[in-house]
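Student: Line order of the protein sequences matches chains A and B. For the first sequence, full-length UniProt numbering gives the first residue as 1, with consecutive numbering after it. For the second sequence, full-length UniProt numbering gives the first residue as 1, with consecutive numbering after it.
Since the hints were derived computationally from the structure, they do not count as laboratory data. Hints are supplied without guarantee of correctness; some may be wrong.
All copies of an identical chain are treated as equivalent in the list; a pair is satisfied when it fits inside any one copy or across any two copies.
Claimed, not checked - Mimicking EDC-like on lysine to aspartate or glutamate, the simulated pairs with C-alpha atoms at most 20 Å apart in a straight line are:
1. K181 / D285
2. K383 / D285
3. K418 / E5
4. K124 / D26
5. K97 / D403
6. K342 / E238
7. K447 / E364
8. K120 / D249
9. K64 / E408
10. K181 / D135
11. K390 / E5
12. K345 / E238
13. K70 / E360
14. K174 / E287
For clarity, every value in this text was computed on a predicted model and none was experimentally measured.
Number of protein chains: 2
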Amino acid sequence: MKKNEISILGSGLIGSLLSIYLRKRDLNVTVYEKRADNRNQEYKEEGRSINMALSDRGWKALEKAGLKDKVLPLTIPMYGRKIHNEHGDTSFIPYGKEGQAIYSISRGRFNQLLINEAEKVGVKINFEHRIEDIDLRFNELTVSSPGNLLEKISSEVIIGSDGAYSSLRNAMLKQVRFNYKQQYISHGYKELSIPPTESGDFAMDPNALHIWPRGSFMLIALPNPDKSFTCTLFLPFEGGRVSFENIRDEKDLKGIFKTYFDDAYQLMPQLADQYFTNPTSALIDIECYPWMLNKALLIGDASHAMVPFYGQGMNCGFEDCYILDNLIEKLGTTAWELVFAKFQKIRKPDTDAISQLAMENFEEMKEQVADPKFIIRKKIEAKLHQLFPKDWIPLYTMVTFSDMPYSEAYALGKLQEKIMDRVMADPLITENWDKMDYEDIIDQLDKAKAV
Amino acid sequence: MKKNEISILGSGLIGSLLSIYLRKRDLNVTVYEKRADNRNQEYKEEGRSINMALSDRGWKALEKAGLKDKVLPLTIPMYGRKIHNEHGDTSFIPYGKEGQAIYSISRGRFNQLLINEAEKVGVKINFEHRIEDIDLRFNELTVSSPGNLLEKISSEVIIGSDGAYSSLRNAMLKQVRFNYKQQYISHGYKELSIPPTESGDFAMDPNALHIWPRGSFMLIALPNPDKSFTCTLFLPFEGGRVSFENIRDEKDLKGIFKTYFDDAYQLMPQLADQYFTNPTSALIDIECYPWMLNKALLIGDASHAMVPFYGQGMNCGFEDCYILDNLIEKLGTTAWELVFAKFQKIRKPDTDAISQLAMENFEEMKEQVADPKFIIRKKIEAKLHQLFPKDWIPLYTMVTFSDMPYSEAYALGKLQEKIMDRVMADPLITENWDKMDYEDIIDQLDKAKAV
Numbered sequence: 001m002k003k004n005e006i007s008i009l010g011s012g013l014i015g016s017l018l019s020i021y022l023r024k025r026d027l028n029v030t031v032y033e034k035r036a037d038n039r040n041q042e043y044k045e046e047g048r049s050i051n052m053a054l055s056d057r058g059w060k061a062l063e064k065a066g067l068k069d070k071v072l073p074l075t076i077p078m079y080g081r082k083i084h085n086e087h088g089d090t091s092f093i094p095y096g097k098e099g100q101a102i103y104s105i106s107r108g109r110f111n112q113l114l115i116n117e118a119e120k121v122g123v124k125i126n127f128e129h130r131i132e133d134i135d136l137r138f139n140e141l142t143v144s145s146p147g148n149l150l151e152k153i154s155s156e157v158i159i160g161s162d163g164a165y166s167s168l169r170n171a172m173l174k175q176v177r178f179n180y181k182q183q184y185i186s187h188g189y190k191e192l193s194i195p196p197t198e199s200g201d202f203a204m205d206p207n208a209l210h211i212w213p214r215g216s217f218m219l220i221a222l223p224n225p226d227k228s229f230t231c232t233l234f235l236p237f238e239g240g241r242v243s244f245e246n247i248r249d250e251k252d253l254k255g256i257f258k259t260y261f262d263d264a265y266q267l268m269p270q271l272a273d274q275y276f277t278n279p280t281s282a283l284i285d286i287e288c289y290p291w292m293l294n295k296a297l298l299i300g301d302a303s304h305a306m307v308p309f310y311g312q313g314m315n316c317g318f319e320d321c322y323i324l325d326n327l328i329e330k331l332g333t334t335a336w337e338l339v340f341a342k343f344q345k346i347r348k349p350d351t352d353a354i355s356q357l358a359m360e361n362f363e364e365m366k367e368q369v370a371d372p373k374f375i376i377r378k379k380i381e382a383k384l385h386q387l388f389p390k391d392w393i394p395l396y397t398m399v400t401f402s403d404m405p406y407s408e409a410y411a412l413g414k415l416q417e418k419i420m421d422r423v424m425a426d427p428l429i430t431e432n433w434d435k436m437d438y439e440d441i442i443d444q445l446d447k448a449k450a451v
Numbered sequence: 001m002k003k004n005e006i007s008i009l010g011s012g013l014i015g016s017l018l019s020i021y022l023r024k025r026d027l028n029v030t031v032y033e034k035r036a037d038n039r040n041q042e043y044k045e046e047g048r049s050i051n052m053a054l055s056d057r058g059w060k061a062l063e064k065a066g067l068k069d070k071v072l073p074l075t076i077p078m079y080g081r082k083i084h085n086e087h088g089d090t091s092f093i094p095y096g097k098e099g100q101a102i103y104s105i106s107r108g109r110f111n112q113l114l115i116n117e118a119e120k121v122g123v124k125i126n127f128e129h130r131i132e133d134i135d136l137r138f139n140e141l142t143v144s145s146p147g148n149l150l151e152k153i154s155s156e157v158i159i160g161s162d163g164a165y166s167s168l169r170n171a172m173l174k175q176v177r178f179n180y181k182q183q184y185i186s187h188g189y190k191e192l193s194i195p196p197t198e199s200g201d202f203a204m205d206p207n208a209l210h211i212w213p214r215g216s217f218m219l220i221a222l223p224n225p226d227k228s229f230t231c232t233l234f235l236p237f238e239g240g241r242v243s244f245e246n247i248r249d250e251k252d253l254k255g256i257f258k259t260y261f262d263d264a265y266q267l268m269p270q271l272a273d274q275y276f277t278n279p280t281s282a283l284i285d286i287e288c289y290p291w292m293l294n295k296a297l298l299i300g301d302a303s304h305a306m307v308p309f310y311g312q313g314m315n316c317g318f319e320d321c322y323i324l325d326n327l328i329e330k331l332g333t334t335a336w337e338l339v340f341a342k343f344q345k346i347r348k349p350d351t352d353a354i355s356q357l358a359m360e361n362f363e364e365m366k367e368q369v370a371d372p373k374f375i376i377r378k379k380i381e382a383k384l385h386q387l388f389p390k391d392w393i394p395l396y397t398m399v400t401f402s403d404m405p406y407s408e409a410y411a412l413g414k415l416q417e418k419i420m421d422r423v424m425a426d427p428l429i430t431e432n433w434d435k436m437d438y439e440d441i442i443d444q445l446d447k448a449k450a451v
């Protein structure tokens with residue numbers, strides 16, 4: 001085993017950013033990636049990307065690695081949700097204060113950039129190297145690559161940033177006292193798209209995340225720099241009229257799109273083609289603990305894959321890297337087990353909180369945003385935040401536009417939710433919301449916090 | 001793939017009994033067992049058995065296979081719990097009505113008997129055959145055995161009765177939409193023993209399950225036909241004065257045993273030897289769903305390993321076999337997927353319920369049974385059951401001495417628990433329990449059921 005040799009599994013977004021951080025600390029970093037290097041080709045998303053939305057936590061981590069300015073040109077700011085109802089009417093709900101946005105970015109192009117940057121600082125990336133086995137006693141990887149026999153590689157540290165189906169986690173799963181849960185939700189998703197108009201422009205407002213919420217299912221769309229939108233259709237796998245199981249042919253598909261998503265349907269000339277070609281993918285939530293064994297560590301989706309409904313999966317993974325790097329900064333590169341132990345202890349309550357919020361936000365996205373009262377609720381919270389910027393911060397803002405620990409945001413969010421439930425119970429709220437005693441709401445929150 | 005060929009993974013208690021059921025339906029049954037055939041040796045428990053306690057569900061399943069009379073001579077009836085306090089005083093709490101008992105049996109000898117019976121009816125058991133890989137698309141096992149190359153075996157049906165660390169379940173774990181949870185509890189266990197007295201007799205009452213409940217930890221003992229007792233010590237792995245981590249030497253051990261288990265300590269001449277030789281084992285709870293993929297099925301601990309505190313793990317596994325066999329009886333041996341689909345749908349709520357009860361019973365065993373009020377509570381429930389045998393059946397009786405679905409027992413138990421909590425809140429209950437209005441309690445239950 002070579003001292004200061006770090007093996008990172010997976011060159012996805014998290015693995016690439018982490019490799020840059022660690023290389024900058026003068027460590028020898030090798031990344032093993034099972035996929036081929038695709039940087040010479042136009043990136044093919046394989047019809048299964050949910051577009052990414054960068055928010056404050058992600059930007060902060062990129063900034064620390066000196067990458068913010070390089071990433072910014074790849075992004076499109078989205079200042080709020082644009083809700084589409086069945087009649088094609090839309091309403092806009094800002095995500096935060098004026099100027100606050102989340103940033104749409106293509107996973108593929110972003111990943112290419114990070115891999116380039118990693119190589120520039122001296123990270124060695126081995127593409128088409130598949131992990132066949134991991135011996136955790138000796139931190140030894142068994143790796144296969146095209147045309148080569150199996151190779152055994154031992155390194156001081158192994159970090160698994162190899163995603164929801166992590167091979168490092170699979171090795172840990174066989175260890176005694178490793179707690180693990182994988183849970184699939186009832187809904188799957190399918191990627192679709194809205195191309196630019198004939199005149200070469202965006203077909204809808206590019207500075208919003210578009211949502212067609214329909215109770216038990218929904219469609220969303222995020223803008224791309226080429227003026228197309230990447231859409232994601234979330235449906236139950238089975239049951240009911242509207243489910244992947246029950247859309248059997250073009251007639252079914254057309255019927256459902258014309259009924260529920262007609263304005264989008266008019267913008268999707270390739271709908272049937274895409275629908276029947278692109279895969280239907282499942283959505284998984286993963287929790288496990290511990291995240292480490294000796295000098296091996298899980299990070300990002302490998303330790304806490306979440307459903308995508310809070311747009312925090314990547315941001316949370318980047319924050320993992322940021323926090324881990326801070327610990328290394330403080331404790332050095334010789335005390336790996338201490339660094340990892342502190343990391344998992346600090347971080348686990350926060351990833352549990354954001355995973356839970358992501359699950360809950362699915363309900364919000366597909367149900368509540370279609371409710372007129374939901375818009376009032378958001379307006380009241382925005383006004384509270386405007387009047388008392390330090391005393392009332394909407395949950396979405398704490399998660400998205402701050403770096404407050406997710407677990408604190410979660411706890412505070414639950415208190416605020418209870419108070420808002422009471423406020424919204426007023427039958428005249430739709431008329432009166434603007435003339436309420438806002439200070440009294442803050443008092444209620446202070447009281448709740450004191451308990 | 002050969003029609004009517006059944007491969008069973010694991011020749012443990014569940015696999016052996018299941019093989020007998022299936023062979024009796026004229027199917028070709030082959031069992032693959034990684035361990036060696038130990039029937040020619042004195043069975044060595046390897047210091048990690050929790051003695052088994054057979055109760056009604058287990059007996060019923062054995063009877064259907066024609067095995068009840070053969071198993072009975074291996075067992076010792078235990079009619080209740082014998083609680084030992086710190087001073088060595090004991091009190092006896094019957095498990096049920098007079099004559100009702102659970103039956104202590106050694107896992108090893110029981111398993112030998114079942115394997116013999118399986119071979120007698122024509123089951124082929126391949127010992128020292130390890131499952132290396134399972135291809136679920138073709139129901140194909142890759143099996144290794146001493147001196148042989150890898151062998152590929154395909155069969156119409158594969159049933160995984162291969163326990164908490166099931167290889168069939170590991171193969172299913174990689175399937176999309178397979179939900180899975182493994183959770184270790186904070187406590188581990190270690191096997192110890194109390195030998196017969198010098199005059200060759202039991203050192204304590206053999207017709208009881210002995211418990212030394214101490215709040216955050218406990219010791220239990222079950223009788224063996226050779227007049228010894230198998231003891232199991234349950235302690236937290238870490239933390240506090242009394243934990244496996246903090247018993248470092250004989251002095252620590254002696255101090256703790258003399259303080260908390262002195263009467264048992266006096267009967268354990270080999271304590272230190274056994275303590276420091278026998279392994280400390282972990283306790284796992286496993287839930288997963290679905291239990292099937294095409295014609296492959298998980299059964300017993302492979303699909304629902306539970307902690308051992310309700311004494312139902314084996315009984316529940318046997319009941320699995322009984323229910324599966326009933327479905328085969330009804331639906332035939334050509335509709336495996338239908339049989340398996342019905343089996344998992346019927347059975348999952350029940351195994352969830354008993355797993356949950358087993359987790360909750362740990363609290364009862366180590367805490368409440370040491371509380372004098374707990375004995376009063378049990379007496380009130382026994383009297384209710386005696387006065388109104390159909391209207392009030394204590395939860396323990398429903399689980400242990402009936403074959404009511406576990407999920408129904410669980411739901412009814414929760415209603416009864418609430419009512420008993422109210423009854424026990426009477427500050428004078430210790431004096432008054434025998435003179436209460438028992439009919440009123442039944443009325444309360446009827447009311448609760450009606451809601």
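Student: Now tell me if each hint is right for this structure.
Tutor: Here's how the hints hold up against the structure:
no.	hint	result
1	K181 / D285	both (8 Å within a copy, 11 Å between copies)
2	K383 / D285	neither (34 Å within a copy, 48 Å between copies)
3	K418 / E5	neither (50 Å within a copy, 59 Å between copies)
4	K124 / D26	within (13 Å within a copy, 60 Å between copies)
5	K97 / D403	within (16 Å within a copy, 62 Å between copies)
6	K342 / E238	between (43 Å within a copy, 18 Å between copies)
7	K447 / E364	neither (27 Å within a copy, 37 Å between copies)
8	K120 / D249	neither (49 Å within a copy, 55 Å between copies)
9	K64 / E408	neither (23 Å within a copy, 57 Å between copies)
10	K181 / D135	neither (22 Å within a copy, 23 Å between copies)
11	K390 / E5	neither (45 Å within a copy, 70 Å between copies)
12	K345 / E238	between (39 Å within a copy, 16 Å between copies)
13	K70 / E360	neither (33 Å within a copy, 55 Å between copies)
14	K174 / E287	both (15 Å within a copy, 16 Å between copies)
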